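Could you build all of it, start to finish, from the sequences and the hints given here?
First to last, the sequence lines map onto chains A and B. With the working numbering applied, the first sequence closes on residue 73, and no number is skipped along the way. With the working numbering applied, the second sequence closes on residue 801, and no number is skipped along the way.
The reader is advised that the hints may include incorrect statements.
As a list, the in silico BS3-like pairs of lysine-lysine whose alpha-carbon atoms are at most 27 Å apart [claimed, not checked]: (1) Lys622/B x Lys12/A; (2) Lys70/A x Lys289/B; (3) Lys70/A x Lys603/B; (4) Lys698/B x Lys12/A; (5) Lys438/B x Lys417/B.
Hints were generated in silico from the structure; no laboratory data involved. Because the structure is a prediction, the values reported are computed rather than measured.
Read off the chains here:
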Amino acid sequence: MFQLEIVRYFLKDPRIQQKYGISASEVETVSLTSQHKSHFVDVVRRMVKEVEDESSVTIAAAQLNLLLEKKLK
Amino acid sequence: MLIKNIQISNFLCYYGENRFDFVEGLNIVLGANGYGKSKLYDAFQWIFHNGITDSSPQATGLRSTRIAKDELVSEKAQHECAEDSTVKAKVALEVVDNRGKGYQLVRSYIMRRGSGKWIYPEDSAFEVLSKEVTHFKPVPESQHATILESLIPTDVRPYVWFQGERGINNLIDTSSEDSLRQVIKRLSNIDRWDNYIKVSQKAFETAQSAFDNALKKSNRNQNKINDLQLERGTLEKEMKQLSEYIEQMSNNLNAASVKHEAFKVGIEYAEKIKELENTLKSQKANHEVISKKLDTQTEGLTENLFSNYWALLGTANWVDAFEEKIGVYNQHITEQKALENITKKIEERIQTRLPQGIPEPVYVKQMLREERCLVCNQPTPEGSEGYNAILELLPTALEEQQEAPKFRLQNFFQRLYSDGLALKKPIKSSKKSIKGAFEKMNELKQSRSLLEEELEIQDREIRDIIRISGVTNSSDVINSMYGATSDISKYSADVATYTEKRRQKQIRLQEIREELNTLSQGEVPDFLMKRKELLQDLAELCREMKSQKYQELVDALEETANSHYKNINSPTGAFYGTIKFVKTINGGYRPAIIDSNEREVGNLNTSLVSSLKLSIILATVSTNKKRNEASRYPLISDAPVSDFDVAKTKSFLKETANTFGQSIIIMKELLIEDPKRKDRYSPDLERLCELKDELTNKNLSVYQLDMMDDATNKFRNELEVQIKKVDC
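Structural data, given as structure tokens:
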């Protein structure tokens with residue numbers, strides 16, 4: 001699976017879509033770089049990138065925290 | 074990878090130079106047992122794995138060149154090798170990789186014949202040559218492993234190269250969920266989802282830790298926050314422990330369920346066998362009782378012959394006949410006595426002779442001895458007239474003495490007659506008594522005979538059930554089934570209890586988290602709480618995604634396996650059902666066959682089991698369309714269809730040809746006895762032509778492995794496989 005496919009696969013979850021305000025059509029059009037109002041999309045993309053690039057678990061986890069800190073602060 | 078050809082020289086039973094050219098499509102190599110089929114498969118293995126098949130029962134892998142070095146070179150080539158000379162076994166495989174680049178892979182082993190013994194090198198030599206425009210160029214050894222891996226990856230090889238029943242069983246074990254787990258892993262990199270779970274969980278824990286640290290610095294509700302954080306820590310530990318318990322219990326439950334499933338098929342038979350055995354036991358006891366009664370009755374017949382006068386049956390009229398005879402006899406005696414009386418009286422009157430019968434011989438002898446007549450008391454000297462007259466009386470006296478019993482005979486006859494009269498009634502009634510006794514005996518015999526028939530039927534029924542079911546010890550099956558049922562009940566209760574406990578703790582944990590969130594308001598930066606919440610959702614999502622992805626792969630594998638399974642089995646016309654991957658309690662799967670009512674079919678025949686396994690193996694390679702492995706790697710299989718009939722063999726070959734870009738099937742099926750040669754075979758051209766016609770847009774190439782007419786396995790150093798191209 002390509003990274004984008006994995007991202008879309010994660011975002012297809014209806015419960016997540018509802019909680020984070022992501023529509024099904026948005027999921028279909030999301031790209032690896034597109035802007036999105038939901039931080040959940042950003043964090044999923046980052047997680048997929050880190051895992052597929054085979055980053056260590058600790059570094060990947062730290063990157064996700066850092067990303068969210070920047071976005072939410 | 075496409076295999077263009079394989080050249081084998083002096084390798085195992087392939088003496089001299091041998092070559093097979095393969096087409097893109099279906100390649101069949103036909104060979105009867107002992108004609109070098111497995112050795113051809115070994116040639117491929119030797120090239121890629123530097124080993125040959127280990128056919129010992131406990132074997133788990135290959136025998137390396139180091140171990141099998143004295144077997145690699147053809148015995149005939151060894152035999153012909155002169156002293157101080159060398160002999161070489163060599164296999165060369167020409168292939169084209171998926172980008173169109175050609176390679177030649179060459180493995181060889183050279184032995185030297187010394188004086189009286191062979192000198193074996195430790196290992197084989199291996200070369201990889203890349204195809205240039207006009208020639209093959211050696212590739213540095215450092216690149217060998219990479220090239221081999223690119224030609225056919227190690228993890229793909231077991232699913233496209235397999236040998237016989239054992240090879241298939243090693244890949245797919247229908248009683249184990251582990252083989253399906255391995256297949257799922259092969260289909261897609263399912264383990265990558267574990268990395269997502271690990272990363273998201275770690276990110277959540279980091280976020281929660283940051284949130285906790287900030288909350289600890291809060292100026293309000295410090296004690297409550299501490300208590301809640303402490304309780305949360307304890308709850309998380311307990312939940313982790315409970316999860317471990319649940320997993321452990323689920324595994325136990327699963328093991329018990331697998332056991333239960335395994336015995337479920339046999340339990341019905343085992344119970345039936347047990348029931349029949351019990352009936353049989355009671356009937357055998359009954360048979361023994363009847364046999365004893367019959368023995369007693371038979372012995373009674375002999376006794377009754379005499380005690381109840383059965384031996385005299387039919388002699389009742391003899392008494393009447395005897396009565397008549399004895400009447401005549403008595404009359405005769407009476408008359409004779411009367412006559413004697415008259416005679417006696419006359420003689421007494423005449424007094425010329427002593428009265429007849431008097432004296433008795435003892436007195437006659439006394440008179441002769443004393444020479445005196447005791448009747449008239451007169452002397453009778455020897456020689457006198459009186460003496461001679463007495464002497465004459467002696468025989469008469471003796472005669473009379475001998476005739477005396479005549480009078481007793483009458484008494485004897487009288488007693489005999491009296492006895493006869495007494496027996497007359499019992500003899501007459503013995504007929505009825507005999508009839509009764511024989512009727513009873515026949516009745517017993519009939520009962521025993523019927524019982525023996527029933528025993529035979531039940532015994533046969535038990536043997537039939539054992540033969541069909543394979544249940545040889547019904548008690549063991551029943552006990553094991555009861556044990557498994559009891560375990561299922563126990564572990565189910567444990568899982569339910571622990572799950573409920575974990576649920577309660579989860580509720581409490583959520584309450585604490587919400588309470589801490591509330592307490593954090595105004596005390597902790599808002600983003601810390603939001604980050605923690607979002608990452609918690611992400612961690613949960615990752616766990617769900619793995620489970621969902623796994624299920625999708627299972628469904629896809631099941632669908633593809635069913636497609637292969639149907640294509641292989643439907644032409645046979647026999648029942649084959651549908652493959653179902655049955656979910657086990659601990660989240661695994663095991664393959665089963667279900668009927669149209671969704672019921673699992675037990676006691677599958679070996680042909681169905683083989684086709685089930687082969688279908689899963691084919692699906693392992695063909696399900697993931699994106700990987701396109703079936704087109705990229707050739708299937709090489711030795712004796713995959715030994716359990717199939719001709720129709721199923723053909724349908725399997727068709728399915729293989731339609732699934733793989735290239736397949737090489739080495740088998741003995743589609744060979745028929747050669748009518749012109751003793752113990753030799755020829756290709757079944759009719760079936761092969763049918764197969765060729767049915768293969769649309771696919772090439773078919775057929776070789777036959779043959780031997781000289783006079784070659785036998787007894788002289789191994791003369792063995793030489795002949796390769797014949799079959800035109801069909």
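Hint-by-hint comparison with the structure:
Restraint check: the Cα-Cα separation between Lys622/B and Lys12/A comes to about 12 Å, which is no more than 27 Å; the hinted pair holds. A threshold of 27 Å between alpha carbons decides the hint, and for Lys70/A with Lys289/B the separation of about 23 Å falls inside it, so the pair holds. Taken as a hint, the Lys70/A and Lys603/B pair is honoured in the structure, with Cα atoms around 12 Å apart against an allowance of 27 Å. Restraint check: the Cα-Cα separation between Lys698/B and Lys12/A comes to about 22 Å, which is no more than 27 Å; the hinted pair holds.
About 22 Å separates the Cα atoms of Lys438/B and Lys417/B, which keeps this hinted pair within 27 Å; it holds.
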